[in-house]
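Chemist: Residue-level listing of the chains:
Number of protein chains: 2
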Amino acid sequence: MSSSPYPARQLLLLSNSTLHPGGYLEYAQGYIKDFLGRSAVKKVLFVPFALRDHQGYTDKVKAALGPWGFQVEGLHDFADKCQAVNSAQAIFIGGGNTFQLLKGLYDFQVLEAIRSRVLDHGIPYMGSSAGTNVSTKSIHTTNDMPIVFPPSFEALNLVPFNINPHYLDTDPNSTHKGETREERIRQYQQVPGVPPVVALREGSLLEVTGDHAILKGQLEALLFRGDAEPRSYPTGTDFGFLFQELKAQ
Amino acid sequence: MSSSPYPARQLLLLSNSTLHPGGYLEYAQGYIKDFLGRSAVKKVLFVPFALRDHQGYTDKVKAALGPWGFQVEGLHDFADKCQAVNSAQAIFIGGGNTFQLLKGLYDFQVLEAIRSRVLDHGIPYMGSSAGTNVSTKSIHTTNDMPIVFPPSFEALNLVPFNINPHYLDTDPNSTHKGETREERIRQYQQVPGVPPVVALREGSLLEVTGDHAILKGQLEALLFRGDAEPRSYPTGTDFGFLFQELKAQ
Ligand SMILES: [Ca+2]
Ligand SMILES: [Ca+2]
Chain A
1 MSSSPYPARQ
11 LLLLSNSTLH
21 PGGYLEYAQG
31 YIKDFLGRSA
41 VKKVLFVPFA
51 LRDHQGYTDK
61 VKAALGPWGF
71 QVEGLHDFAD
81 KCQAVNSAQA
91 IFIGGGNTFQ
101 LLKGLYDFQV
111 LEAIRSRVLD
121 HGIPYMGSSA
131 GTNVSTKSIH
141 TTNDMPIVFP
151 PSFEALNLVP
161 FNINPHYLDT
171 DPNSTHKGET
181 REERIRQYQQ
191 VPGVPPVVAL
201 REGSLLEVTG
211 DHAILKGQLE
221 ALLFRGDAEP
231 RSYPTGTDFG
241 FLFQELKAQ
Chain B
1 MSSSPYPARQ
11 LLLLSNSTLH
21 PGGYLEYAQG
31 YIKDFLGRSA
41 VKKVLFVPFA
51 LRDHQGYTDK
61 VKAALGPWGF
71 QVEGLHDFAD
81 KCQAVNSAQA
91 IFIGGGNTFQ
101 LLKGLYDFQV
111 LEAIRSRVLD
121 HGIPYMGSSA
131 GTNVSTKSIH
141 TTNDMPIVFP
151 PSFEALNLVP
161 FNINPHYLDT
171 DPNSTHKGET
181 REERIRQYQQ
191 VPGVPPVVAL
201 REGSLLEVTG
211 DHAILKGQLE
221 ALLFRGDAEP
231 RSYPTGTDFG
241 FLFQELKAQ
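Chains as they are written, first to last, in this note's numbering: chain A, 1 to 249; chain B, 1 to 249.
Treat each hint with caution, since some may be false.
Put simply, identical chains are the same to the list, so a pair is met inside one copy or across any two.
To be verified - Lysine-lysine pairs mimicking DSS-like chemistry, simulated, CA-CA at most 27 Å apart:
(1) Lys177 <-> Lys103
(2) Lys216 <-> Lys60
(3) Lys42 <-> Lys216
(4) Lys62 <-> Lys177
(5) Lys33 <-> Lys177
(6) Lys60 <-> Lys247
What the hints contain is simulated information worked out from the structure, not anything from laboratory work.
Quick caveat, the model's predicted, so the values are computed rather than measured.
Isolated chain A, as found in the complex (with noise of 0.2 Å):
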């Protein structure tokens, strides 16, 4: 739409890296596919941040996507990071820790570059999990253990609104007295000025094409917005109004 603000912007933003009882990335080939091929690339520079042993999730990646056609390098073999980054034809951030991920992008400084390639350059960009997270505004809403310190919870920002992956829904026979992921949501939807929360279930994502947002997969989306209940959204749904809503503010 010529009335974005990012009319180049491409995300292909995952819920979760594997489906039960698929392989790794497997149930989403065909997303991926087509995401990555609409653009032509050939190269896909990955962030392994998330997990400890770069070079063996970096390993994984290739074995997934190699066989598609796509050849990956790992971030963390460049020297010099954002050179890297403001050469890649294509970014993918895979999941594990969410804190761990924020915080290697902090110290190695690569936010800019990464927000600039993808939202100037169009240059498509694929989270899973963690690397969904990252994506949007803040981790406020991510489902990880906080096992380090970043020195912000803000991240990419590259959607105004934040994500909650591997939405679980509430086990209505469960006796357990932790807090149930809607009333984790919730709360986060009572700090003041939050951005709304789209909690996507596994094998669910969103596609983002400027300022449409494409809810794919089998299963519905929640979208959290301030004291109202949670709103279910079907599969299909532009939660492009996201992008409009939030710039009017």
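Got chain A sorted already, so can you dock chain B with the ligands onto it with the hints?
Modeler: Positioned in the frame of chain A, the structure of chain B with the ligands alone reads:
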């Protein structure tokens, strides 16, 4: 023990506030009465920062502890919060969101006052859930969602290790691809320099007296330390060996 740096230390660290199917704090009534009664406590200073409704939360605690013979005052009610801590007979920090709680302790600058009152002056400290998380070295092993950003994850350090409250065993039938609790704590143990983690199942608690830390409740607790398999310890175990180990480092 004369070798303890904190011979006066008295802590009652509950995994959770409510145990199915009982009411608020009901399952721990005997432990709480004994613990506070031993120091002839008449009045408890309650810290309600883990939830947003400070007065409502304090009223709930009053309704629970009042009938057992304890007066309750909410820390939010005092203009001079350090003074309130310094004159408290006993302190209770309740559960809710650990990040919100710790941020509140930093915002009101009461961490040092609480630490000194408990460790140096020996007044009884009771924590449940998030209130147990903040009593330990840090909140790195909270289960909560990071809905606000505290200036640090370092906490009261009343004990030099971490606790994971509400510990939940892995459901072997789950197809959900988010990390299990065990995986999360093991990821934390891979971070260099972190202390061991005592995982307390619901209904479990640690009663700390000087350099002794006795496991109470019905269930075994798990100790996570480095790369080792988590080790299970029965009720009655004295985790005081952790004080010795961590002092020696
Ligand atoms: Ca994760
Ligand atoms: Ca909690």
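Chemist: Against the structure, test the hints numbered earlier, and report the numbers of the ones violated in rising order.
Modeler: Violated: hint 6 alone.
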